[in-house]
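Number of protein chains: 2
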Amino acid sequence: MALVMTPAQQRLLADLSGRLSERAIVTDPAEIAPWETDWRGRYHGSTPILFQPASTAEVATIVAAAVRERVALTPQGGNTSMVGGATPPPDGSAVILSLRRMNRVRSIDAEARLAVAEAGVILADLHAAAAAQARRFPLTLGARGSATIGGLVSTNAGGTQVLRFGTMRGLVAGLEAVLPDGSVHDGLAALKKDNRGYDLKQLLIGAEGTLGIVTAATLRLVPAIRERAVAWAGVANPADALMLLRRFEAKTQAIESFELLPDDSLIAVLAHVPDTRAPIATAQPWHVLIEAVATKPDDEPPMALLERLLGEALVAGLVRDATAATSEAQAEAFWRIRDSISDAERATGPAAQHDISVPVAAMPRFMIEAAAACDARFPGTHASGFGHLGDGNVHFHVRAPESVEAARWYVDEAPAVTRFVHDLVVAAGGSISAEHDIGQMKLAELERLSSPARLAALRAIKTAFDPHGLFNPGKLVALAPSAPSE
Amino acid sequence: MALVMTPAQQRLLADLSGRLSERAIVTDPAEIAPWETDWRGRYHGSTPILFQPASTAEVATIVAAAVRERVALTPQGGNTSMVGGATPPPDGSAVILSLRRMNRVRSIDAEARLAVAEAGVILADLHAAAAAQARRFPLTLGARGSATIGGLVSTNAGGTQVLRFGTMRGLVAGLEAVLPDGSVHDGLAALKKDNRGYDLKQLLIGAEGTLGIVTAATLRLVPAIRERAVAWAGVANPADALMLLRRFEAKTQAIESFELLPDDSLIAVLAHVPDTRAPIATAQPWHVLIEAVATKPDDEPPMALLERLLGEALVAGLVRDATAATSEAQAEAFWRIRDSISDAERATGPAAQHDISVPVAAMPRFMIEAAAACDARFPGTHASGFGHLGDGNVHFHVRAPESVEAARWYVDEAPAVTRFVHDLVVAAGGSISAEHDIGQMKLAELERLSSPARLAALRAIKTAFDPHGLFNPGKLVALAPSAPSE
Numbered sequence: 001m002a003l004v005m006t007p008a009q010q011r012l013l014a015d016l017s018g019r020l021s022e023r024a025i026v027t028d029p030a031e032i033a034p035w036e037t038d039w040r041g042r043y044h045g046s047t048p049i050l051f052q053p054a055s056t057a058e059v060a061t062i063v064a065a066a067v068r069e070r071v072a073l074t075p076q077g078g079n080t081s082m083v084g085g086a087t088p089p090p091d092g093s094a095v096i097l098s099l100r101r102m103n104r105v106r107s108i109d110a111e112a113r114l115a116v117a118e119a120g121v122i123l124a125d126l127h128a129a130a131a132a133q134a135r136r137f138p139l140t141l142g143a144r145g146s147a148t149i150g151g152l153v154s155t156n157a158g159g160t161q162v163l164r165f166g167t168m169r170g171l172v173a174g175l176e177a178v179l180p181d182g183s184v185h186d187g188l189a190a191l192k193k194d195n196r197g198y199d200l201k202q203l204l205i206g207a208e209g210t211l212g213i214v215t216a217a218t219l220r221l222v223p224a225i226r227e228r229a230v231a232w233a234g235v236a237n238p239a240d241a242l243m244l245l246r247r248f249e250a251k252t253q254a255i256e257s258f259e260l261l262p263d264d265s266l267i268a269v270l271a272h273v274p275d276t277r278a279p280i281a282t283a284q285p286w287h288v289l290i291e292a293v294a295t296k297p298d299d300e301p302p303m304a305l306l307e308r309l310l311g312e313a314l315v316a317g318l319v320r321d322a323t324a325a326t327s328e329a330q331a332e333a334f335w336r337i338r339d340s341i342s343d344a345e346r347a348t349g350p351a352a353q354h355d356i357s358v359p360v361a362a363m364p365r366f367m368i369e370a371a372a373a374c375d376a377r378f379p380g381t382h383a384s385g386f387g388h389l390g391d392g393n394v395h396f397h398v399r400a401p402e403s404v405e406a407a408r409w410y411v412d413e414a415p416a417v418t419r420f421v422h423d424l425v426v427a428a429g430g431s432i433s434a435e436h437d438i439g440q441m442k443l444a445e446l447e448r449l450s451s452p453a454r455l456a457a458l459r460a461i462k463t464a465f466d467p468h469g470l471f472n473p474g475k476l477v478a479l480a481p482s483a484p485s486e
Numbered sequence: 001m002a003l004v005m006t007p008a009q010q011r012l013l014a015d016l017s018g019r020l021s022e023r024a025i026v027t028d029p030a031e032i033a034p035w036e037t038d039w040r041g042r043y044h045g046s047t048p049i050l051f052q053p054a055s056t057a058e059v060a061t062i063v064a065a066a067v068r069e070r071v072a073l074t075p076q077g078g079n080t081s082m083v084g085g086a087t088p089p090p091d092g093s094a095v096i097l098s099l100r101r102m103n104r105v106r107s108i109d110a111e112a113r114l115a116v117a118e119a120g121v122i123l124a125d126l127h128a129a130a131a132a133q134a135r136r137f138p139l140t141l142g143a144r145g146s147a148t149i150g151g152l153v154s155t156n157a158g159g160t161q162v163l164r165f166g167t168m169r170g171l172v173a174g175l176e177a178v179l180p181d182g183s184v185h186d187g188l189a190a191l192k193k194d195n196r197g198y199d200l201k202q203l204l205i206g207a208e209g210t211l212g213i214v215t216a217a218t219l220r221l222v223p224a225i226r227e228r229a230v231a232w233a234g235v236a237n238p239a240d241a242l243m244l245l246r247r248f249e250a251k252t253q254a255i256e257s258f259e260l261l262p263d264d265s266l267i268a269v270l271a272h273v274p275d276t277r278a279p280i281a282t283a284q285p286w287h288v289l290i291e292a293v294a295t296k297p298d299d300e301p302p303m304a305l306l307e308r309l310l311g312e313a314l315v316a317g318l319v320r321d322a323t324a325a326t327s328e329a330q331a332e333a334f335w336r337i338r339d340s341i342s343d344a345e346r347a348t349g350p351a352a353q354h355d356i357s358v359p360v361a362a363m364p365r366f367m368i369e370a371a372a373a374c375d376a377r378f379p380g381t382h383a384s385g386f387g388h389l390g391d392g393n394v395h396f397h398v399r400a401p402e403s404v405e406a407a408r409w410y411v412d413e414a415p416a417v418t419r420f421v422h423d424l425v426v427a428a429g430g431s432i433s434a435e436h437d438i439g440q441m442k443l444a445e446l447e448r449l450s451s452p453a454r455l456a457a458l459r460a461i462k463t464a465f466d467p468h469g470l471f472n473p474g475k476l477v478a479l480a481p482s483a484p485s486e
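Each protein sequence line maps, in turn, to chains A and B. The numbering used here applies: residue 1 is where the first sequence begins, and numbers increase by one. The numbering used here applies: residue 1 is where the second sequence begins, and numbers increase by one.
Hints listed in this document are in silico derivations from the structure and should not be mistaken for laboratory results. Bear in mind the structure is a predicted one, so any value in this text is a computation, not a measurement. Please note: incorrect hints may appear among the correct ones.
The list treats identical chains as one, so a pair stands whether inside a single copy or across any two.
Unchecked claim - 20 angstroms max Cα-Cα, derived EDC-like pairs, lysine to aspartate or glutamate:
1) LYS251 with GLU111
2) LYS296 with GLU111
3) LYS251 with GLU312
4) LYS251 with ASP109
5) LYS296 with GLU312
6) LYS251 with ASP299
7) LYS251 with GLU307
Based on the sequences and whatever the hints tell you, model everything.
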């Protein structure tokens with residue numbers, strides 16, 4: 001749809017024309033269209049202009065001009081947000097600021113274990129660049145072929161290796177950003193200690209682009225993996241799974257992933273994803289996927305380690321059945337099951353999805369009790385959680401009753417399910433957004449469920465940095481209380 | 001000195017009288033006096049009232065009343081700031097809010113490795129409480145017998161175990177704080193993942209009490225030490241010391257401390273601190289103190305580990321002489337040398353002290369070049385650095401020429417030395433405050449050396465939280481640009 005530009009947008013375009021590199025301004029609707037809708041097709045935005053600057057200086061120029069003309073900016077990286085965080089508003093009031101052309105890995109210092117990557121670097125490309133120097137950037141997730149460093153920083157991304165290395169927050173050693181006044185904050189120097197007042201880096205991590213534009217980051221690297229082993233185990237319940245993890249952690253630091261899934265997730269994958277097969281022969285109510293690695297020559301071979309630890313756990317009755325992948329192809333097949341759960345569940349039917357966390361020790365009980373409460377409250381639905389047990393973070397999905405009409409269920413029923421789940425999470429002292437952020441999807445729920453003190457603090461920060469609401473408008477926090485909506 | 005209360009302070013006192021627990025209000029000048037001056041006797045403040053609330057609710061009551069009456073608050077824990085951060089202004093305009101009575105360890109969960117400690121808990125007491133449950137709170141520093149959790153959080157404290165476990169920022173899993181509107185931010189739940197907007201916890205850590213009052217923290221614990229070994233080695237220069245550390249890190253994760261000191265620091269300690277003796281017999285230009293630990297039954301015994309690694313380093317020529325402490329008493333004696341450097345240097349004569357950081361890889365060269373530049377620029381002075389090489393953080397001290405009059409030198413000469421050192425640090429991409437914070441001591445230097453963008457961001461945050469400048473006035477950032485001073 002061709003949009004008419006507002007007078008302010010026209011002035012902005014006139015101001016910037018000729019001042020930026022060749023491909024930095026896009027106004028062809030066909031070229032803009034793919035970036036107006038989120039990757040799952042849930043949020044539809046609209047914009048007459050897409051900027052794609054090639055350098056930090058160009059970002060600063062665009063930001064300064066946009067603020068001068070009061071034109072809002074929707075920053076965008078790989079457009080893989082789970083919460084509509086990178087989709088512009090539908091009314092055409094904002095323009096997209098895509099960082100994708102800023103895709104240089106500026107430097108890798110293998111000795112100091114640091115990489116400096118621009119905001120548009122795709123995660124998989126950073127993985128490859130680090131591997132070429134016998135180092136590794138440990139954070140990874142399903143969207144690694146599209147997600148960009150700027151987006152991962154701005155959403156404090158998690159993924160499947162958080163257990164050992166933490167979220168993005170723990171891996172960012174320095175940041176470069178363009179602040180709302182158009183100035184460049186140069187914080188790329190990787191200082192392990194720096195107490196010069198409020199930590200702007202920490203504030204920008206996870207701010208979803210609402211306080212300024214991240215243009216580059218200095219990232220910590222870890223030693224490359226020499227060898228890995230992947231195992232699959234059947235367990236009786238989430239409590240046993242957590243006990244298993246605790247036993248492992250008491251004996252080794254080699255466990256990098258520990259993912260939990262219920263039997264029905266496995267069944268959905270086997271039914272809907274081609275070329276998948278059950279890793280173990282027996283039927284089990286719950287499953288864990290475990291990855292162990294060796295990075296140093298003296299480290300115990302991870303296969304021997306897992307066989308030993310799982311053997312002990314079998315004897316102790318904590319594990320009911322287990323197998324280790326005997327080849328890299330089989331290891332990848334195990335991981336493919338885990339990474340296909342969301343797709344498989346979508347094929348199964350409509351579901352309300354929730355990315356939630358509670359304290360780790362409370363998660364096994366929460367999973368069981370919340371699922372039972374949900375099933376009782378919404379007859380015909382089926383609730384279950386899967387994911388990062390060791391992080392206290394699961395994706396808690398509530399499947400719609402069979403034979404409902406999907407579109408109608410999402411509008412008429414799902415919001416009540418979501419509010420019910422979120423209320424349980426808050427009652428358990430948890431978070432309604434563990435790793436997927438707020439974006440536009442959870443804005444109203446964040447307002448509904450946050451204390452007045454917390455909301456006031458969020459608004460005060462937003463207003464201090466962006467008084468006119470020009471940076472990623474409609475995401476994370478509304479400057480004024482928004483009308484109740486879902 | 002008895003101070004006359006301002007009318008606002010009188011109203012505050014009247015408002016709070018009878019609403020707080022028995023010992024919560026102190027107006028006896030003799031009882032207040034010890035808390036009006038910092039522990040090194042450099043900063044002298046004055047106040048007519050000291051509040052010492054016993055609970056978070058009482059803190060909230062005091063904060064709300066103080067904001068209503070526009071009375072400024074100087075929060076104070078153990079009063080061990082190195083930068084005058086806990087000393088009230090000399091004009092009596094602020095009252096002290098001491099957290100020392102909030103000294104309960106609320107809970108320790110050994111399984112989840114978490115402790116909840118109130119702001120007034122003394123660090124050594126937390127160490128003991130964790131040890132009683134076979135766990136350890138790893139952060140430690142010289143002032144552990146006085147420093148409190150609230151102060152350690154609010155200053156993002158460092159210390160000698162940062163190498164492995166990071167600063168306070170990495171050890172805080174949750175926070176409770178009273179915000180400037182008198183509301184209680186309850187963020188004690190230890191969520192490993194939580195992306196509900198801007199991270200208030202991260203903002204309050206290191207804010208020096210200027211954005212609100214930290215009342216309690218959930219802190220990460222680590223396994224107790226089963227066995228430790230401490231070694232002393234002589235090296236040719238800081239570059240060799242860093243290479244030694246890198247070699248160790250490539251082979252083990254057991255190194256917890258790696259402290260570097262020049263020969264003249266050792267000589268000063270031996271000359272001025274009773275019952276100290278040189279760990280190694282040969283004279284060496286630089287020394288490193290290394291601590292390795294074992295926490296799991298299968299870990300290599302740390303003594304054997306250090307002997308093996310140091311033996312290899314001797315053969316490789318990286319180390320010139322080395323010895324390992326053969327008893328716990330000897331290990332403590334090695335540490336006493338390190339911990340006595342500041343005292344010994346004070347006894348040697350006046351010195352300008354700087355707590356600085358640069359990227360780790362840049363530190364060896366910085367230490368040599370900055371010392372040479374300093375000695376050349378200020379004839380008769382002697383500059384050298386010691387401390388946390390692996391963190392890129394040293395305490396860079398410039399000794400006054402012999403036979404100067406101390407008081408006069410501090411006023412007439414030291415400020416220029418400090419500005420010179422700080423300029424070198426900034427040129428190297430470093431920080432003028434690595435772990436001691438800004439307080440009142442470095443306020444003018446932070447303003448002089450920060451980019452306008454950074455200063456504007458700091459002021460915007462401060463104004464958003466504390467528009468009337470009532471929280472720890474005169475520390476960290478001035479609401480309006482301050483007059484040049486030292």
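Hint check:
no.	hint	in the structure
1	LYS251 with GLU111	between (29 angstroms within a copy, 14 angstroms between copies)
2	LYS296 with GLU111	within (15 angstroms within a copy, 28 angstroms between copies)
3	LYS251 with GLU312	within (12 angstroms within a copy, 28 angstroms between copies)
4	LYS251 with ASP109	between (32 angstroms within a copy, 19 angstroms between copies)
5	LYS296 with GLU312	between (24 angstroms within a copy, 17 angstroms between copies)
6	LYS251 with ASP299	both (13 angstroms within a copy, 10 angstroms between copies)
7	LYS251 with GLU307	within (13 angstroms within a copy, 24 angstroms between copies)
In the structure shown, no violation is registered for any of the earlier numbered hints.
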